[in-house]
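S.K.: For the protein sequence lines, the chains are A and B, in the order given. Just so you know, the numbering used here puts 177 at position 181 of the first sequence, and the rest follows in order with no gaps. Just so you know, the numbering used here puts 10 at position 11 of the second sequence, and the rest follows in order with no gaps.
It should be emphasised that the hints constitute simulated quantities derived from the structure, not laboratory data. The structure displayed is predicted, hence computed values, not measured ones. Please note that the accuracy of each hint is not assured.
List time: in silico SDA-like cross-link candidates among lysine to any residue, alpha-carbon distance up to 25 Å [what the hints assert, rightly or not]: (1) A/Lys128 x B/Met80; (2) B/Lys20 x A/Lys92; (3) B/Lys189 x A/Asn168; (4) A/Lys170 x B/Tyr252; (5) B/Lys210 x A/Lys165; (6) A/Lys128 x B/Ala23; (7) A/Lys49 x B/Gly94; (8) A/Lys170 x B/Val13; (9) A/Lys170 x A/Phe210; (10) B/Lys210 x A/Gly146; (11) A/Lys49 x B/Tyr86; (12) A/Lys165 x A/His30; (13) B/Lys20 x A/Pro44; (14) A/Lys141 x B/Lys20; (15) B/Lys210 x A/Asn168; (16) B/Lys85 x A/Ile229; (17) A/Lys150 x B/Lys189; (18) A/Lys128 x B/Tyr252; (19) A/Lys154 x B/Ser17; (20) B/Lys20 x A/His71; (21) A/Lys92 x B/Gly94; (22) A/Lys48 x B/Asn30; (23) B/Lys85 x B/Thr44; (24) B/Lys189 x A/Asp193.
Covered, in the sense of this in silico footprint (three residues per stretch, anywhere, with C-beta under 8 Å from a C-beta of chain A), are these stretches of chain B [stated by the list, open to error]: (25) 45 to 57; (26) 135 to 147; (27) 177 to 190; (28) 202 to 215.
Where is the CB? At the ideal position from N, CA and C, for every residue including glycine.
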Amino acid sequence: MDLVKKNALINQVGYHNKFVGTFLEVKKILEGGHIGDIYHFQADAYGPVVIKKSENTWRSSPEEGGGCLMDYASHVIDLLNYLISPVEEVFSSTVKSIFSSRVDDAVYALLKLRSNVTGVLSVNWSDDTYRKMSTSITVIGTKGKIISDGSELKVYFKDADSCPQGYSKGWNVKYVTDLTDPVDFYLRGEEYSAQIDYFIRAVQGKGENRINTFESALLTDKAIMMIREKSRI
Amino acid sequence: MERILFGDNQFFAVNHISDEKSRAQSIRFKNDSAILKTLDEARATGINTFMCTTHDRMINICDVIRKHGDKYADFKIYPCMPYAHKYANAATELGIVGALKEYVPGNFVGSVLKGGMAFLSKDYLSIMELLVDSEMKMFRGIQTPVIFLQNVLTDMLLGLGMNDILVAFHAYIRKKYHAEAGFITMNMPKLVSVLHRGGIENPIVCASINKAGFRMSGGKDLYEQVLKEKKMRLVAMQVLGGGAIPVSEALEYVCSFPQIESILFGASSKVNIEDTVSTIKKLDLASDFFRIA
């Protein structure tokens, strides 16, 4: 990390959620303080990665795939770190295998963030009621509530005075289609193109290198380590 | 191609704007009978083409269509291949080579792999042909005048510059199935140039066309320009821009381009199907009238 800083090198880790329109909007609403003092969050991700017992695949090898905590939950933790505040303490956690024998398939944890907000992380990659990975976050504050996934953002404001522009008192629903900037080339999601464009622009010296740095990814790695350690107790 | 094509996203819980709606659809279309009922409701409005993914559930639907040959005599299916999740799940479970072995018939993969990567790279066109055949099996005996390559593959090949596979797909569909190849894409301007350069003069392309500019990579203006200037047979999809635009306004935009040959849409309820079809018909009549006048 010191070397990267000393040499002023461009660096990026691929946490694509930070380029998803709905989550960017959540960030804006939270930064504006529009839902008041945040007191709880619920961060989830579910999907059908390992849905039956099967040995000898790369997913089941800790050296290659790494398991649900490393491979799947990491994206949710990183998003949480970005949207609210980095994970500081893990009160309790369960890291369990469902179908895999050498890696974990689900992670449940009670967390405290640097901003003193507490909440629940719930991730399971053995849930085949989902067609593909679905990541969502709920944030509750004294003046409102946000429920967002990669495609739909639902926000509730208690009062008219605290709403940002374009929102009103009560429930508001916005879709990623309204919140996404077009990209030059599309493959399986605007966020992937936006992410690589952001990196290339930084390399060319045309853009900033602030999102998804090694430094922010290290905070995610530390949270992963704390969750794993707590589950062993 | 018919003016209105019926899509399948609603049947397989594909919803671009809401996970909740996607779950509701998955519950609603749990049984094949629910899919067939909705298809019949679409047919009752005069739609006779169903554009569908080569999803495993289509095997049963195709069986019913074959069994009731009289009822579905004029019915056409435009298969869209591959159903990417099937291969992605197989690759997750078995690895890339394992997945190829699972889906490519015979001992082909084994012998190719023994020959090493050089052999493999020379023979990827044969692998493509075998995979197309395996995807087409479920449609035997059903009219499939246009066979599409899904955007996930079209755009991946386009991005990698593997243009020869796109051209070879087109040639193989003609030779083996006496049908036209179609290409679904989120990068229409770029694809059309590549297909023209590959000698496909009037390609069938299915792309997002909507007033919101949603999934129109390179921008709406560029799409409109290419649509007016370049030769292609275009199927407009995602005309509602993922649900962001009011239906009548959305359809009015799409119907304003005489270059668009067909409009693809999917809906679950009878009322929505009927409304969409009658709105398109009204708009088409109006523009015909102005053209003649």
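S.K.: Identify every previously stated hint that the structure contradicts and give their numbers, smallest first.
M.R.: 2, 3, 5, 9, 16, 17, 18, 23, 25 and 26
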